[in-house]
Amino acid sequence: KNEVEQSPQNLTAQEGEFITINCSYSVGISALHWLQQHPGGGIVSLFMLSSGKKKHGRLIATINIQEKHSSLHITASHPRDSAVYICAVSSLNNNDMRFGAGTRLTVKP
Amino acid sequence: DAGITQSPRHKVTETGTPVTLRCHQTENHRYMYWYRQDPGHGLRLIHYSYGVKDTDKGEVSDGYSVSRSKTEDFLLTLESATSSQTSVYFCAISGTSRTYEQYFGPGTRLTVT
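Just so you know, the sequences run in chain order A and B. One point on numbering: in the working numbering, the residue at position 7 of the first sequence is 7, and numbering is uninterrupted. One point on numbering: in the working numbering, the residue at position 93 of the second sequence is 93, and numbering is uninterrupted.
To be clear, the hints were calculated from the coordinates, so they are not data collected in a lab. All C-beta atoms in this analysis are idealised placements derived from N, C-alpha and C, irrespective of residue type, glycine included. Take the hints with a grain of salt, since some may be wrong.
What the hints assert, rightly or not - Using C-beta positions, here's what the derived DEER-type ranges look like:
(1) B:Glu27 x A:Thr106: 30 to 38 angstroms
(2) B:Thr113 x A:Asn2: 23 to 31 angstroms
(3) A:Glu5 x B:Glu27: 16 to 24 angstroms
What the hints assert, rightly or not - If we take Cβ atoms under 8 angstroms as the criterion, some of the chain B residues that face chain A in the derived model are:
(4) Gly40
(5) Asp73
(6) Gly107
With the hints as constraints, model all of the structure from the sequences given.
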């Protein structure tokens with residue numbers, strides 16, 4: 001079983017919809033990361049959080065340490081949000097980062 | 001954007017040939033990483049470096065070696081490429097620790113025929 005599980009694997013939405021991507025992990029962590037990978041392949045960091053909630057524009061990331069769960073929300077989705085969103089954790093077990101397989105989001109106009 | 005480049009960006013090679021991928025950074029970050037990305041898998045760590053000439057193995061290191069002779073360059077070598085090493089390879093850097101925020105290069109698509 002992967003240490004980091006994301007759901008759903010694929011998500012299609014209409015422009016303007018509210019989107020939620022979920023991430024569950026099974027190891028102790030010092031931080032959780034949300035990354036975005038565009039169709040061109042480049043990977044950028046969106047958030048790094050260890051508690052509570054962070055917001056950047058239309059993106060909101062939350063984490064519940066007790067439940068070992070994080071969510072990434074996108075409000076008023078737009079076709080340019082179409083990308084693969086990757087959850088990763090900074091693991092306390094092995095002082096390393098572990099990555100989920102990603103959620104492919106497609107937002108249709 | 002963090003100054004990270006990878007070369008080549010695309011490569012097709014034959015089974016059994018040696019291949020070297022290069023990662024170059026201009027950020028003077030201490031930590032550098034090589035990952036591979038395959039469908040259905042998350043990014044998986046191949047090797048990492050925590051300083052010049054200081055490297056260690058990741059979870060999928062078999063068949064790969066690395067070298068770091070300068071702060072800015074981290075080389076990944078496939079001594080004898082196999083078809084299972086067909087993948088997209090990403091270099092990443094971080095300044096503070098191995099578990100802090102990482103910045104990724106553009107990736108190298110390697111096909112082994």
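Looking at the structure, which of the earlier hints fail to hold? 3, 5
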